[in-house]
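Heads up: the protein sequence lines correspond to chains A and B, in order. With our numbering, letter number 101 in the first sequence gets 101, and the count goes up by one each step, no holes. With our numbering, letter number 87 in the second sequence gets 87, and the count goes up by one each step, no holes.
Wrong hints could be hidden among the right ones.
[What the hints assert, rightly or not] Examples of chain A residues toward chain B, derived with CB under 10 Å:
hint: 1; residue: ASP44
hint: 2; residue: ASP50
hint: 3; residue: THR68
hint: 4; residue: LEU84
hint: 5; residue: GLU86
hint: 6; residue: SER91
Read the hints as simulated data drawn from the structure, not as lab findings. Beta carbons are placed, not taken as given, at the ideal position from N, Cα and C, and that holds for glycine.
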Amino acid sequence: MEDRGREPDLTSRLMADMNPELLDFLQKKVNSFVKWDLIRFFHDNPHTTDTADNIARYAGRSVETIRTELGELTQDGVLDENQLGEMVVYSLAPDPKTRELLQQFVRASDDRQFRVKAIYHIIRGTRQ
Amino acid sequence: MERVKTGIPGLDEMLQGGFVPQTANLIEGAPGTGKTTLGMQFIHHGIVACGEPGLILTFEEFPQQYYRDSANFGWDFRHMEQEGKLRIVMTSPEVSKADLEQVGGRIEKLVEEIGARRILVDSLSHFERLSENSAHLRAIVYGFVNALKREGLTAVLTRENAALLGETEETDDAIAFLVDSYTLLRYVEIESSIHKALLVLKMRGSNHDKGIRQFEITSRGIEVRAPFEGREGIMSGSPRRMVDSFVQAFVRR
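Turn these sequences into a full structure, and let the hints guide you.
Here you go:
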């Protein structure tokens, strides 16, 4: 009979077969559904440079919702924040390694199994 | 004179060979008349037939929309981006304007990176939200258009016209004075059927065909065809046969 007490917890089992780099990216940089949306937005629009207001409009979110997330993605090196005249604008960071991870993440999230795992992780992360 | 060919059958002949290099060319029409298709065809032709990479600056649609729309005509814009011959940039008028006003801005870098020679701006109508003052709006667009020319680009600028048929609303049309050529795309109703008409209203520094031509959006893109024969009042949207007008004018009842 199976010894359930020795089984790894559900998260560990869910994440066990996930690429460690992607798992790290998910845990440290994506970690919210708004960020997930923003990451997908910048993946689909890699040459976009725009203000928080306009990005919110394109992404179908309120600017209050995304402002903090844009700031955190900037701190985490996913986005660049620059002053353009009187405007603060955001664009995808040029670092090739980050862009590659972002590409991998978006591609992987086309797979339902990966999405389920990622959603579980984000929900779990936001509860902690 | 050197010309920038659009690759659109019939249109280049109307333009005496194509657009004048490093000019701003306004394409105006109602939704669905083919403004964006014309612009995409201009960009596509530049890349595949003239070795001139292009930029698409969009204020509305995501790049995916252009990938999908261009694929309908057999143009692989996604592949062209991967090859570094095309960049589709979604942004806003205020950011692109500010960007072009600084040295070494993002658009300038993209132009340098791919060696862009052509640009499609889709659409200029979005600049209208930057100012309600027509003189201020004119100054904004003037600065933007000049910045594109400074980058050495030949530009196609689209603009929405809300009127589907008939006379367009009277507007303070400052933008039409700023561009080097102005082409109108219109729907025309003839015998209970909708046709499309194209008219080159102005072309600075060059002669051009003043005729009102029929055009079609085919599986290969836009094709400009023969002028509307034997009809008048085409741009009103409801043309009359000239013989009817003659009867109305000269035959006593």
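*Going back to the hint list, which numbers does this structure go against?*
3
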